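Q: Knowing the structure of chain V, use the given hints to seat chain G on it.
Read off the chains here:
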Amino acid sequence: MKDKIMIISFSILLSGFFLVSLFDKDVKISTVERRTLATFPTFSKEALLEGTLSEKINTYVLDQFPLREYFRQAKIFFTGNLYQRKENHGAYLVKDNIFSLDYKINEKSISHFTNLLNSVRERYFKEKKVYYTIIPDKNYYAPKEAFPQLAYDDFYKQIRKKLSSSFLEIDLRDTLNLHSYYRTDLHWKQETLEPVLKTIQKEMKLESTSFPKNKNSYFPFYGAYYSKSSNRVKPDTITYLSSDTINKTKVYNYEKQVFQSVHNPENGKNIDSYDIFLNGATSVLILENEKQKSGRELILFRDSFGSSFAPLLLENYSKIILIDLRYFSSNLLSTIPNIDFEKEKLDILFLYSVPIVNQSFTLK
Amino acid sequence: MVFSSITFLYYFLPIVLFFYFLVPWKWKNMILLLSSLLFYFYGEPRYCILLLFSSIFHYFIGKWIEHCHQKRGRLLLLLFSLFINFGILFYFKYYNFFVQSIDALFPQAFPYLNITLPIGISFFTFQTASYVIDIYREKVTSSKNVFHFMTYVSMFPQLIAGPIVRYETIAEELNKRKWQVEEISLGIQRFVIGLAKKVMIADLLGEFSQTLNDIAPSFLGLWLRAIADTLQLYFDFSGYSDMAIGLGLLFGFHFLENFNYPLIAKSITDFWRRWHMSLSSWFRDYLYIPLGGNRVSKSRYVLNLFCVWFATGLWHGASWNFILWGLYFFLFLLLEKWFLLSFLNKHKWFGHFYTSILILISFVIFGRTDMADLVLTIKGMFGLDTIPILNQEVLFYLKEYLVLLFLSIFLATPLLKKGYQKLQKKKKWKTSLTILEPIFYIGLFLLCTAFIIDASFQPFLYFRF
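First to last, the protein sequences are chains V and G.
With the working numbering, you'll find the first sequence wraps up at 367, consecutive numbering, no jumps.
With the working numbering, you'll find the second sequence wraps up at 483, consecutive numbering, no jumps.
One chain only, chain V, in its complex shape (with noise of 0.2 Å):
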């Protein structure tokens, strides 16, 4: 009896999950893990007899089985419980927090990184003061005792020591704390960056601006370390703040050439809904406040956290150009329309995340 139940039940499993994943539609994206998902691959001779197919093939199945999600979470919640696992593909779990396993300073990463922001300022803005300011990843925040660190002294230090002299510092890492970071993404939360924003003023010797008031919020917000923990804590809520300066300024789009607002909700739904911000990654955006008369200007080389931080310094500038040197080469920056580096009120500062330099080589 015990061996003809266990034959059926294996037969009833095995063709339930073929038919099923035969006549199951195929999934375009993964919200979740933020990416699209394999389609069924094209046949060609050269793919089949070079094995390539089959590899693909492989991927698809794996992609397109019928319940994928469930089947991670199933595997995520068997391996927290009965292993006692924390960790799941290098994000550890913290109460609800999720934390990307990255301790070791890659010196490398840090000299190349610190090269390019010399030979940028040596090439374009060698009379100019130049700030720069490294934001600390939310592991400067976790609990010392709760997985192994970067060695933080060691690492600003490093960069310290490989920037020139004429590099201004502007430490931040007293700004900030845990609640100052997406649990479930590691980029910083807009409507905690009051201290940031009034340090750096501080810093560059401008004018001190009111934080903007209106909060306006989106959810669900699944961030990069979300499906890697699957469903062990709950999604975040983006909140994303306006103002009438950060409603009226038109933001030109460099890449595609059109004008764009500042936040843009529409993007919640995109693969990555931190697009919220300044429309997401893109190459060069120049930030037009026609409120400010001054005629001050700004160019902040930045990576993504720039473009949350970005429209809180509009109070203080007729224009802002961001530039994202993984997606614009510093050898292209004249290019850019009516940049003018001999500008007298034209302050530089270059805003970049302890991952992104420490992992910089994609940096131009």
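Keep in mind that the hints were calculated from the coordinates and are not lab data.
Be aware that a few hints might be false.
[To be verified] Derived contacts from chain G toward chain V, CB cut-off under 10 Å, selection only:
| id | residue |
| --- | --- |
| 1 | 36 |
| 2 | 59 |
| 3 | 455 |
| 4 | 459 |
All values derive from a computational prediction rather than experimental measurement.
Just so it is clear, CB atoms sit at the ideal spot from N, CA and C, and this is done for glycine as well.
A: Positioned in the frame of chain V, the structure of chain G alone reads:
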């Protein structure tokens, strides 16, 4: 194709089983042959022709040996077949290693070739070699049907990672086999257990080992890595063998056992009676005994043993560390034979300790093709290096993998099996187990699916041999 893939579990296997049980008896071997060729072609399209050649060649050479009545002629045919068989193995697996090894003495004497290793070559060449040798020895009669023989050589359950199934083991079943509900059910259970060993234990131990390799070295880290590597190899390879045996039962074949809890061995001699039994018995029957075994002079016996363990090491890979690994066992087997074994049999706890340490070190040798790295690791493990005893990283990862580590040590012993067998004998549990067992195996299979979906693709470690 690997067993621990969605493609195999939910597409290939159901389709093959459906057609296999649908067609009448006379077509079953053909279904098995075609599905095995597809299985091999899917993972190794270019070398499918090599597999076909090897099957057909050995089928006909086997016939010729059988029908040749001259002793000398039979011997020549056998030598010719072994030359072709091991020539193929040498060309694909050992040629570049040979060139590299003699390069130091005779630089550029031979050119390097751009060759990739055909999957499973070490297994199917040894199977076909045993077939012709057994015909030569008149231990078996040659196969009467070329398709049946091709089915034997290419049978997908054991094609790419063993166990090494001898023709004599399944010769009868190739012509006629019975299916019993109990055996099919047992096959399912065995397959699921093997799959769980691979994806729920071995792959995670592999992750642990890789992590330990990536962090700053420490005394504790090196020993933990040796433990993780040993357990990973055991669960990976024995898991594969379980799956092969389970699949064999589904198709009506009875393959011999390949592992018998080797990590509880109380001597190295005992270990090799329990680890990869199909390989050790192959070398015993086709190399050690023909060389004279132990019924020879002391010096000849040492030479015989040396040859066997040199070959065993070399079989595992074309690299000096594998040869060193084989000779390491040669040394300890010799010592045990001469005087250690009787002491170890009297002091069992010491025997377990001694064997465990030696096995751990053996897999350190096994896992490192870079000799400088090997020396550094061994020095570190015995406190001869300046590395710290432990560090924050190793403690962190030990905490992360501690439960898995203890669980895998427990499962490497027969304690659970014995406990379960006791439970099965109790009457009051009989009815409950009728329901609970299928639920357990279905649940375990689904959990394995979950692990496969969540993990990145990981080929079986024994593919390279």
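Q: Give a verdict on every hint.
A: Going through the hints against the structure:
This hint holds: residue 36/G has a C-beta 8 Å from the nearest C-beta of chain V, less than the 10 Å allowed. This hint holds: residue 59/G has a C-beta 9 Å from the nearest C-beta of chain V, less than the 10 Å allowed. The beta carbon of residue 455/G is positioned within 10 Å of a beta carbon in chain V (closest approach about 6 Å), and the interface hint is therefore held. Given the 10 Å rule on beta carbons, the hint for residue 459/G holds: about 7 Å separates it from the nearest Cβ of chain V.
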